[in-house]
Amino acid sequence: MIPQQHQKLQVMSHAVVGFPSLDENEKAIAGLVEAGVNLIELQVPFSDPVADGHTLVNACYDALKMGGSVKATLELAAKVTKAHPQASFILMSYLNPLYRYGLEKLFEDAAAAGIKAMIIPDMPVEQIEPWLPKLDALGIAPILMVTPNISDERVAKIAANARGFIYVVSRMGVTGKQTQWGEEFENYVARIRTHTDLPLAIGFGVRAAEDLKALTGTAEIAAFCSKYIEWQRDQGSDKAAEKMHQLLQDSGLAG
Amino acid sequence: MIRSDQGYFGEFGGRYVPEILLPALQELETMFNQLRDDPSFWQEYLSLCQEFSGRPTPLTPLRRLSKELGGAQIWLKREDLNHSGAHKVNNVLGQGLLVQRMGKKRVIAETGAGQHGLATAIMAARLGLQATIYMGADDIERQYSNVFWMRQLGAEVVGVETGARTLKEALDEALRDWAATVETTHYVLGTACGPAPFPELVTYFQSVISQEMKQQALEKIGRLPDEVVACVGGGSNAMGAFANFLEDDAVKLIGVEAGGRSFLPGEHSVRLLPDTGEDGIAQGYKTLFLQDDDGQLGDTHSIAAGLDYVGVSPILSHLSQTGRVIADSANDQEVVDAFKLLMKTEGIIPALESSHALAGGFKRAKQMSPDQHMVINLSGRGDKDIFNIAHAFPQPEWTEFLQREAARAQELENASKGEKS
Chain A
1 MIPQQHQKLQ
11 VMSHAVVGFP
21 SLDENEKAIA
31 GLVEAGVNLI
41 ELQVPFSDPV
51 ADGHTLVNAC
61 YDALKMGGSV
71 KATLELAAKV
81 TKAHPQASFI
91 LMSYLNPLYR
101 YGLEKLFEDA
111 AAAGIKAMII
121 PDMPVEQIEP
131 WLPKLDALGI
141 APILMVTPNI
151 SDERVAKIAA
161 NARGFIYVVS
171 RMGVTGKQTQ
181 WGEEFENYVA
191 RIRTHTDLPL
201 AIGFGVRAAE
211 DLKALTGTAE
221 IAAFCSKYIE
231 WQRDQGSDKA
241 AEKMHQLLQD
251 SGLAG
Chain B
1 MIRSDQGYFG
11 EFGGRYVPEI
21 LLPALQELET
31 MFNQLRDDPS
41 FWQEYLSLCQ
51 EFSGRPTPLT
61 PLRRLSKELG
71 GAQIWLKRED
81 LNHSGAHKVN
91 NVLGQGLLVQ
101 RMGKKRVIAE
111 TGAGQHGLAT
121 AIMAARLGLQ
131 ATIYMGADDI
141 ERQYSNVFWM
151 RQLGAEVVGV
161 ETGARTLKEA
171 LDEALRDWAA
181 TVETTHYVLG
191 TACGPAPFPE
201 LVTYFQSVIS
211 QEMKQQALEK
221 IGRLPDEVVA
231 CVGGGSNAMG
241 AFANFLEDDA
251 VKLIGVEAGG
261 RSFLPGEHSV
271 RLLPDTGEDG
281 IAQGYKTLFL
291 QDDDGQLGDT
301 HSIAAGLDYV
311 GVSPILSHLS
321 QTGRVIADSA
331 NDQEVVDAFK
341 LLMKTEGIIP
351 ALESSHALAG
361 GFKRAKQMSP
371 DQHMVINLSG
381 RGDKDIFNIA
391 HAFPQPEWTE
401 FLQREAARAQ
411 ELENASKGEK
421 S
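These protein sequence lines map, in sequence, to chains A and B. Under full-length UniProt numbering, think of the first position of the first sequence as 1, with each following residue one higher. Under full-length UniProt numbering, think of the first position of the second sequence as 1, with each following residue one higher.
Read the hints as simulated data drawn from the structure, not as lab findings. Errors might be hidden in some of the hints.
Claimed, not checked - Derived CB-CB ranges, DEER-like:
id, chain 1, residue 1, chain 2, residue 2, range
1, B, E419, A, E186, 57 to 63 Å
2, A, Q180, B, G159, 28 to 34 Å
3, A, S21, B, G159, 25 to 31 Å
Ideal Cβ positions, reconstructed from N, Cα and C, are used throughout, including at glycine.
So that you can see chain B by itself, here it is in the shape it has in the complex:
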């Protein structure tokens, strides 16, 4: 399993934060180190995942699609079947147990696509904690259905209007909140990034994915898969899918980033490939960031709101640099094609984030032979993306539906005002 060398993975990682946040990170690290070596804590965590989130998630063979592509046998690890619809809940439930042990009552989180915010709001409701979720104002527009649910669950959702109004700014804002409230509040970081011990801590909880994947592969395939593929935003589902295979050298590990519209600055979110990310120290840690020569973090783009983060897990930067993880990318069009192909041939609606892994995986699977096996981590389900998909493929039917729906909502509001007056 992943263990840092005093917070570092090779040259990446560390803890570069304003002095005010250090005591909280030290407290968290101490608690995490105690619990990580306590087998009863992992059992408590697994029980919560099983009772509340539906683990273990299945390993689904894609028989029709594999035949159509004519290459490797493709399997999906179904993180989309978790409660809340994505792998994010694994980490959040684990951190919820930590919060309880630390005796804190409030959690904050930042979210891009909204899945981590939703998972945090669900966890807070379940465990009786107060939750504040920071989200870029543009992301709120892109993922309003998640915002709606977070508010129904009792969480406060704060739109962040600074800068490019996406995940990067939401993360900065959450850090500012934490600086002011650190004694009573835990920051539920959503991905395997940020200052130590977060990359390691998030990977620890997400490693439940590859723990199950490994066991299921042995049962269903009779051996380990030849390749494991995952999409890479911050890197939490990828680290979860890779963690238990790191020492199995025969298993190739492939991380697929968002190639976006092009490789021009601001048009993509690829950090691990040559001439994309450069090493930098920001947002509390050292990793490969998209940035300019002056060290200003750059703008990003992806068709999937959850993949357009400017940095990447320091663990993945290290594993990519040492060659253990193979970095790849899929552009927006390839992603949409893979998304449609999976739906039509297998009846599964994937998240646009996960569709990057599908696009990268399908390309590779075609080059492999039918006696080889590939597992793709399907990190989340796609119904949250209905508005994005509808925008990508405009259909009069959808527009007409929205108009009727808006009219209905207005009628109900008017009627309710009439009753009150």
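Here chain A stands alone, though its shape is the one from the complex:
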């Protein structure tokens, strides 16, 4: 379940639907849940994922060839939400595939498939706002992002429209590279906290047990995604799940 403010750090991880294959997605997700991950993003692969680094770009490229799509994502969601009721599944997608599907139908079908939240990086808060009553009625939390260069005025606007948690982009740039934690980062998180009581998820650059330790006590959620996809790509889903289990042990987050 999505944690409350000041609860213990939870790891959020990732599946690119169709990568390495649709069958393996199910197996990989079971492995993640068994390892102790209860927040999982299901990414709809897209031809032009502009906010992602090369790991996710290439995974999307491969996933499309393996049949990844909005429809495949909803089908996968229906299966995994039923199989793992203890976990929360978050649909992550760039806007165009959802727009082509039809946003209203997409939100309804996603809710019916058990999706609890949605991350759409290129759908700014202004575009989400008109959909809030619908999303609230369906019980889907729109997850909005804040970035280090954001103005206070805009954080306030995002905080007013966000549900579930706020995704704090840890540094300038795309997914999948190292971030330096420290005073500047702590001040940034503290600034966001003054605007919201929602839990905070830290993403972009969380790649090792040291990062998870550094974030313990600072945030409620750590998005451990690109590195996990690298494990999955290089060593297969079973091994990736084992490594995830070990990571949680090493970070003091298991159990």
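Chain A is fixed; fit chain B onto it per the hints.
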């Protein structure tokens, strides 16, 4: 002139970008809005174009060709005579002045045919800025002469290996760079696409084309032309050629897209005609994209590297939908025929991109009468296309020349190694 309604042109346009890019776009918009209403800025821009790029470019009558086709009197607006050989430099010089005002020191750009990258590298050298140019790996192969020049000018050229390795991927990569460096870097977008305010901003700078065209037509023809024709890749030269005629309803505006090999998916780059582009939201804006039912952007083809973009200016999507701009297309063979015809009858070597406008224009001109006038925007010159043309019409003479040239280069390299050791 073109003014958006909060970034939208009808239903198209907008700003659909990851949160991280918003502050830079807002900063750019604020700066642009200040400068657009400042007549001294336009004068500064015009002076730079005149002193550095050779503006105004002439309006050239095609007397022999018009007679041969037996229809309208055809004129060319000679954007090929700009420094760097294409209209691209107009926009780039304008954005260079903006960069100076914003106090940034680095520019990035994406490029397809290489003309925009070359123009950006030229501008950066002239204004003392650091430049990084993203280019699809396949486009690098197709347009190596431009890559060579960009590097000589001091720009870093980065080959993009993801996806189909063309302009679409280069654009994604440039956006990723910008997300990481936005505080010090300006993204010199090359065409009238992308998130607001770029479509409007690029059109503003390119509108110098139709500003001159209008004045020159009044002087040389004594009235406005009956038709203005331009090729449409992203749409910047077309918007430049059309901008000052939008309210002159008697002037027909024709945009010619790349019909490629056929109308099958992946074989062309036609987005404005029925059953081709579908509305979508990607790469930061809403427009007509070539895409599948799942919203995945499609592959494209054109004989001209600069026309095979998967989206199109949201302004053109709107103008085409409202009927103000007439959409047309020319296939690869028609383009090559028009290219040859212009060279042989008028002694002008056009870019393959611009040859789409020629092909579309010549077809229409034949149906018009000799007292009518058509202006075709010749967006760029063709010498950069020498390798493509040589591939399209293989000649033993050319192959032999390349072999001799490669041998000479190898000899020089060996000699230089010998001297060093």
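Structure-based check of each hint:
1. B:E419 to A:E186: 57 to 63 Å: holds (58 Å)
2. A:Q180 to B:G159: 28 to 34 Å: Given range 28 to 34 Å: holds, Cβ gap about 29 Å.
3. A:S21 to B:G159: 25 to 31 Å: Between S21 of chain A and G159 of chain B, where Cβ atoms are some 30 Å apart, the hint holds.
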